[in-house]
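Please put together the full structure from these sequences, using the hints given.
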Amino acid sequence: MAVTRNDFGSLLHGWRDRLSPADAGFTATSGRRAPGLRREELAQLAGVSVDYVLRLEQGRATSPSAQVVGALARALQLSRAERDLLYRSAGLLPPQDATINTHVPAGIQRLTARLGDVPIGVFAADWSLVWWNALWCALHGDPAAVPPIERNVARAVFGTGAAHAAMRPVHSESGGESFAASIVGDLKHALSRYPADVQLGHLVQELKETSVVFADLWETTATVEHTTDRKTVRHPEIGELVLDCDVLVVPGADLRMVTYTAAAGSSDAGKLDLLRVTGGQAGTRLP
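Everything in the sequence shown is counted per the working numbering, starting at 3 for the first residue and increasing by one.
No wet-lab data here; the hints were simulated from the structure. Wrong hints could be hidden among the right ones.
[What the hints assert, rightly or not] Capping the alpha-carbon separation at 27 Å, the derived lysine-lysine pairs in DSSO-like fashion look like this:
hint, residue 1, residue 2
1, Lys190, Lys233
2, Lys273, Lys210
3, Lys210, Lys190
For clarity, every value in this text was computed on a predicted model and none was experimentally measured.
Pasting the structure below:
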(Lines of atoms letter the chains of each structure in order from A; the text may use other names.)
(Lines give C-alpha, C1' and ligand atoms only; values in the text may rest on other atoms or scores of the structure.)
Protein backbone atom coordinates (compact mmCIF):
# COMPACT_ATOMS: atom_id res chain seq x y z
CA MET A 3 0.00 0.00 0.00
CA ALA A 4 1.33 3.42 -0.91
CA VAL A 5 1.67 5.70 2.09
CA THR A 6 1.52 9.48 1.79
CA ARG A 7 2.33 12.30 4.18
CA ASN A 8 -1.40 12.76 4.79
CA ASP A 9 -1.31 9.43 6.64
CA PHE A 10 1.30 10.61 9.15
CA GLY A 11 -1.11 12.43 11.46
CA SER A 12 -3.62 9.57 11.43
CA LEU A 13 -0.93 7.03 12.26
CA LEU A 14 0.43 9.22 15.05
CA HIS A 15 -2.99 9.75 16.60
CA GLY A 16 -3.97 6.09 16.33
CA TRP A 17 -0.78 4.80 17.92
CA ARG A 18 -1.00 7.44 20.67
CA ASP A 19 -4.50 6.22 21.54
CA ARG A 20 -3.23 2.63 21.58
CA LEU A 21 -0.41 3.06 24.10
CA SER A 22 -1.24 2.59 27.77
CA PRO A 23 0.00 5.42 30.03
CA ALA A 24 1.30 2.84 32.50
CA ASP A 25 3.41 1.17 29.81
CA ALA A 26 4.94 4.57 29.05
CA GLY A 27 5.82 5.22 32.69
CA PHE A 28 2.90 7.49 33.58
CA THR A 29 0.41 7.00 36.39
CA ALA A 30 -3.07 6.41 35.02
CA THR A 31 -5.57 8.86 36.51
CA SER A 32 -9.31 9.22 36.37
CA GLY A 33 -10.88 11.72 34.04
CA ARG A 34 -9.11 10.56 30.90
CA ARG A 35 -11.38 10.80 27.87
CA ALA A 36 -9.32 8.24 25.95
CA PRO A 37 -7.38 5.18 27.12
CA GLY A 38 -4.09 6.13 25.48
CA LEU A 39 -1.47 8.82 25.93
CA ARG A 40 -2.35 12.48 26.09
CA ARG A 41 -0.66 14.77 23.61
CA GLU A 42 1.38 16.42 26.35
CA GLU A 43 2.63 13.00 27.48
CA LEU A 44 3.73 12.06 23.97
CA ALA A 45 5.36 15.47 23.62
CA GLN A 46 7.29 14.93 26.86
CA LEU A 47 8.46 11.48 25.79
CA ALA A 48 9.50 12.60 22.31
CA GLY A 49 11.05 15.90 23.33
CA VAL A 50 8.83 18.13 21.19
CA SER A 51 6.19 20.72 22.01
CA VAL A 52 2.54 19.83 22.54
CA ASP A 53 1.63 22.29 19.79
CA TYR A 54 3.93 20.48 17.37
CA VAL A 55 2.30 17.13 18.15
CA LEU A 56 -1.10 18.73 17.52
CA ARG A 57 0.03 20.21 14.20
CA LEU A 58 1.50 16.87 13.12
CA GLU A 59 -1.73 15.05 13.90
CA GLN A 60 -3.81 17.66 12.11
CA GLY A 61 -1.54 17.65 9.06
CA ARG A 62 -0.50 21.29 9.51
CA ALA A 63 3.14 20.29 10.05
CA THR A 64 4.17 18.06 7.17
CA SER A 65 7.95 17.79 7.20
CA PRO A 66 9.20 16.34 10.50
CA SER A 67 12.90 15.54 10.60
CA ALA A 68 14.22 11.99 10.77
CA GLN A 69 15.34 12.71 14.31
CA VAL A 70 11.83 13.74 15.38
CA VAL A 71 10.20 10.76 13.63
CA GLY A 72 12.63 8.42 15.37
CA ALA A 73 11.85 9.99 18.74
CA LEU A 74 8.10 9.66 18.13
CA ALA A 75 8.51 6.02 17.09
CA ARG A 76 10.40 5.23 20.29
CA ALA A 77 7.93 7.16 22.44
CA LEU A 78 5.01 5.26 20.89
CA GLN A 79 6.82 1.92 21.37
CA LEU A 80 6.37 0.98 17.72
CA SER A 81 7.60 -2.24 16.20
CA ARG A 82 10.27 -1.97 13.51
CA ALA A 83 7.65 -2.43 10.79
CA GLU A 84 5.47 0.30 12.30
CA ARG A 85 8.49 2.56 12.70
CA ASP A 86 9.38 2.11 9.04
CA LEU A 87 5.78 2.91 8.06
CA LEU A 88 5.92 6.12 10.10
CA TYR A 89 9.15 7.16 8.38
CA ARG A 90 7.68 6.52 4.93
CA SER A 91 4.51 8.43 5.77
CA ALA A 92 6.75 11.41 6.55
CA GLY A 93 8.43 11.08 3.17
CA LEU A 94 11.63 9.71 4.73
CA LEU A 95 13.64 6.54 4.23
CA PRO A 96 13.62 4.25 7.29
CA PRO A 97 16.95 3.67 9.07
CA GLN A 98 19.11 1.08 7.33
CA ASP A 99 21.02 -1.82 8.88
CA ALA A 100 24.28 -0.07 7.99
CA THR A 101 23.61 2.59 10.63
CA ILE A 102 23.55 2.27 14.40
CA ASN A 103 20.20 1.21 15.80
CA THR A 104 18.52 3.69 18.14
CA HIS A 105 15.11 1.99 18.16
CA VAL A 106 14.21 0.80 21.66
CA PRO A 107 11.87 -2.24 21.66
CA ALA A 108 8.57 -1.78 23.48
CA GLY A 109 9.46 -4.47 26.01
CA ILE A 110 12.61 -2.61 27.04
CA GLN A 111 10.66 0.63 27.39
CA ARG A 112 8.10 -1.11 29.62
CA LEU A 113 10.90 -2.64 31.68
CA THR A 114 12.58 0.70 32.32
CA ALA A 115 9.23 2.24 33.28
CA ARG A 116 8.20 -0.55 35.66
CA LEU A 117 11.54 -0.99 37.41
CA GLY A 118 11.10 2.36 39.05
CA ASP A 119 13.46 1.58 41.94
CA VAL A 120 16.43 0.96 39.60
CA PRO A 121 18.16 3.74 37.64
CA ILE A 122 18.26 2.49 34.03
CA GLY A 123 19.76 4.13 30.96
CA VAL A 124 19.59 2.56 27.50
CA PHE A 125 22.48 3.27 25.14
CA ALA A 126 23.11 2.68 21.43
CA ALA A 127 26.27 1.02 20.12
CA ASP A 128 28.07 4.40 20.03
CA TRP A 129 27.13 5.03 23.69
CA SER A 130 24.49 7.62 22.87
CA LEU A 131 21.78 7.71 25.52
CA VAL A 132 18.50 6.85 23.78
CA TRP A 133 16.14 6.05 26.67
CA TRP A 134 16.07 6.40 30.45
CA ASN A 135 13.71 6.20 33.39
CA ALA A 136 12.89 8.70 36.11
CA LEU A 137 15.40 7.41 38.65
CA TRP A 138 18.23 7.60 36.10
CA CYS A 139 17.26 11.24 35.58
CA ALA A 140 17.24 11.86 39.33
CA LEU A 141 20.62 10.19 39.86
CA HIS A 142 22.57 11.63 36.94
CA GLY A 143 20.68 14.83 36.14
CA ASP A 144 18.14 15.53 33.44
CA PRO A 145 19.49 14.48 30.01
CA ALA A 146 16.98 16.89 28.46
CA ALA A 147 19.18 19.74 29.68
CA VAL A 148 21.91 18.61 27.27
CA PRO A 149 21.68 19.01 23.47
CA PRO A 150 20.74 15.68 21.80
CA ILE A 151 24.10 15.19 20.08
CA GLU A 152 25.89 15.65 23.42
CA ARG A 153 24.02 12.82 25.17
CA ASN A 154 26.91 10.45 24.65
CA VAL A 155 29.21 8.82 27.19
CA ALA A 156 32.30 9.22 25.00
CA ARG A 157 31.62 12.95 24.65
CA ALA A 158 31.10 13.20 28.41
CA VAL A 159 34.38 11.43 29.20
CA PHE A 160 36.67 12.78 26.47
CA GLY A 161 34.94 15.91 25.17
CA THR A 162 34.85 19.50 26.36
CA GLY A 163 31.24 20.40 25.52
CA ALA A 164 27.89 20.27 27.29
CA ALA A 165 28.04 16.52 27.97
CA HIS A 166 31.34 16.84 29.82
CA ALA A 167 30.17 19.89 31.76
CA ALA A 168 26.92 18.22 32.83
CA MET A 169 28.44 14.90 33.93
CA ARG A 170 28.17 14.39 37.67
CA PRO A 171 31.31 13.04 39.37
CA VAL A 172 31.44 9.23 39.20
CA HIS A 173 34.35 7.21 40.61
CA SER A 174 34.79 3.69 39.31
CA GLU A 175 36.25 1.04 41.63
CA SER A 176 38.04 -0.49 38.63
CA GLY A 177 39.63 2.88 37.88
CA GLY A 178 38.85 5.69 35.47
CA GLU A 179 41.42 4.49 32.94
CA SER A 180 39.77 1.09 32.67
CA PHE A 181 36.37 2.67 32.10
CA ALA A 182 37.72 5.06 29.48
CA ALA A 183 39.44 2.19 27.67
CA SER A 184 36.21 0.17 27.63
CA ILE A 185 34.34 3.04 25.96
CA VAL A 186 37.04 3.42 23.31
CA GLY A 187 37.05 -0.33 22.72
CA ASP A 188 33.28 -0.27 22.23
CA LEU A 189 33.54 2.57 19.71
CA LYS A 190 36.21 0.69 17.75
CA HIS A 191 33.98 -2.37 17.69
CA ALA A 192 30.98 -0.27 16.63
CA LEU A 193 32.96 1.34 13.80
CA SER A 194 33.92 -2.10 12.49
CA ARG A 195 30.24 -3.10 12.41
CA TYR A 196 28.86 0.21 11.13
CA PRO A 197 31.57 1.71 8.89
CA ALA A 198 28.95 3.68 6.92
CA ASP A 199 27.41 5.36 9.97
CA VAL A 200 28.14 9.04 9.41
CA GLN A 201 27.40 10.20 12.95
CA LEU A 202 29.71 7.56 14.44
CA GLY A 203 32.47 8.49 12.02
CA HIS A 204 32.16 12.16 12.94
CA LEU A 205 32.21 11.33 16.66
CA VAL A 206 35.40 9.28 16.41
CA GLN A 207 37.17 11.83 14.22
CA GLU A 208 36.18 14.73 16.48
CA LEU A 209 37.44 13.00 19.63
CA LYS A 210 40.69 11.99 17.93
CA GLU A 211 41.32 15.63 17.08
CA THR A 212 40.29 17.15 20.40
CA SER A 213 41.40 14.58 23.00
CA VAL A 214 44.97 13.31 23.27
CA VAL A 215 43.81 10.64 25.73
CA PHE A 216 41.17 9.37 23.30
CA ALA A 217 43.63 9.36 20.39
CA ASP A 218 46.19 7.38 22.41
CA LEU A 219 43.61 4.86 23.60
CA TRP A 220 42.29 4.48 20.04
CA GLU A 221 45.74 3.34 18.93
CA THR A 222 46.34 0.95 21.84
CA THR A 223 42.98 -0.38 23.03
CA ALA A 224 41.30 -3.57 21.90
CA THR A 225 37.69 -4.47 22.68
CA VAL A 226 37.15 -4.60 26.45
CA GLU A 227 34.32 -6.66 27.90
CA HIS A 228 32.15 -4.93 30.48
CA THR A 229 31.86 -6.52 33.91
CA THR A 230 30.02 -5.57 37.09
CA ASP A 231 31.68 -2.52 38.61
CA ARG A 232 31.16 -0.58 41.79
CA LYS A 233 30.77 3.13 41.27
CA THR A 234 30.52 6.07 43.61
CA VAL A 235 28.16 8.75 42.31
CA ARG A 236 28.35 12.18 43.92
CA HIS A 237 24.87 13.66 43.93
CA PRO A 238 24.60 17.41 44.67
CA GLU A 239 21.75 16.96 47.20
CA ILE A 240 21.98 13.36 48.41
CA GLY A 241 25.75 13.07 48.65
CA GLU A 242 27.74 9.99 47.71
CA LEU A 243 25.99 6.78 46.64
CA VAL A 244 28.06 3.58 46.28
CA LEU A 245 26.26 1.41 43.74
CA ASP A 246 26.80 -1.74 41.69
CA CYS A 247 26.80 -0.89 37.98
CA ASP A 248 25.95 -3.54 35.39
CA VAL A 249 25.90 -3.32 31.60
CA LEU A 250 23.29 -5.62 30.06
CA VAL A 251 23.16 -6.27 26.32
CA VAL A 252 19.76 -6.33 24.58
CA PRO A 253 19.90 -9.28 22.14
CA GLY A 254 19.15 -8.47 18.52
CA ALA A 255 18.98 -4.71 19.07
CA ASP A 256 22.64 -3.82 19.75
CA LEU A 257 21.62 -1.76 22.76
CA ARG A 258 23.09 -1.62 26.26
CA MET A 259 21.11 -1.22 29.46
CA VAL A 260 23.12 0.32 32.27
CA THR A 261 21.68 -0.30 35.74
CA TYR A 262 22.64 0.87 39.23
CA THR A 263 21.60 -1.16 42.28
CA ALA A 264 22.31 -1.27 46.01
CA ALA A 265 21.97 -4.06 48.55
CA ALA A 266 18.53 -4.17 50.17
CA GLY A 267 18.45 -2.37 53.50
CA SER A 268 21.73 -0.55 52.91
CA SER A 269 22.15 3.18 53.38
CA ASP A 270 22.73 3.50 49.63
CA ALA A 271 19.43 1.73 48.93
CA GLY A 272 17.80 4.27 51.23
CA LYS A 273 19.36 7.11 49.26
CA LEU A 274 18.02 5.62 46.01
CA ASP A 275 14.57 5.43 47.59
CA LEU A 276 14.83 9.08 48.57
CA LEU A 277 15.78 10.01 45.00
CA ARG A 278 12.88 7.97 43.67
CA VAL A 279 10.42 9.87 45.86
CA THR A 280 11.82 13.36 45.39
CA GLY A 281 13.38 13.51 41.94
CA GLY A 282 12.54 13.04 38.25
CA GLN A 283 9.49 12.83 36.05
CA ALA A 284 8.06 9.91 34.07
CA GLY A 285 10.60 7.91 32.07
CA THR A 286 11.51 9.62 28.85
CA ARG A 287 13.76 9.75 25.83
CA LEU A 288 14.44 12.82 23.79
CA PRO A 289 15.69 12.94 20.20
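For each hint, the structure was consulted:
1. Our distance criterion of 27 Å between C-alpha atoms is met by Lys190 and Lys233, whose separation comes to about 24 Å.
2. About 38 Å separates the Cα atoms of Lys273 and Lys210, which puts this hinted pair outside 27 Å; it is violated.
3. About 12 Å separates the Cα atoms of Lys210 and Lys190, which keeps this hinted pair within 27 Å; it holds.
The earlier numbered hint that this structure contradicts is number 2, and it is the only one.
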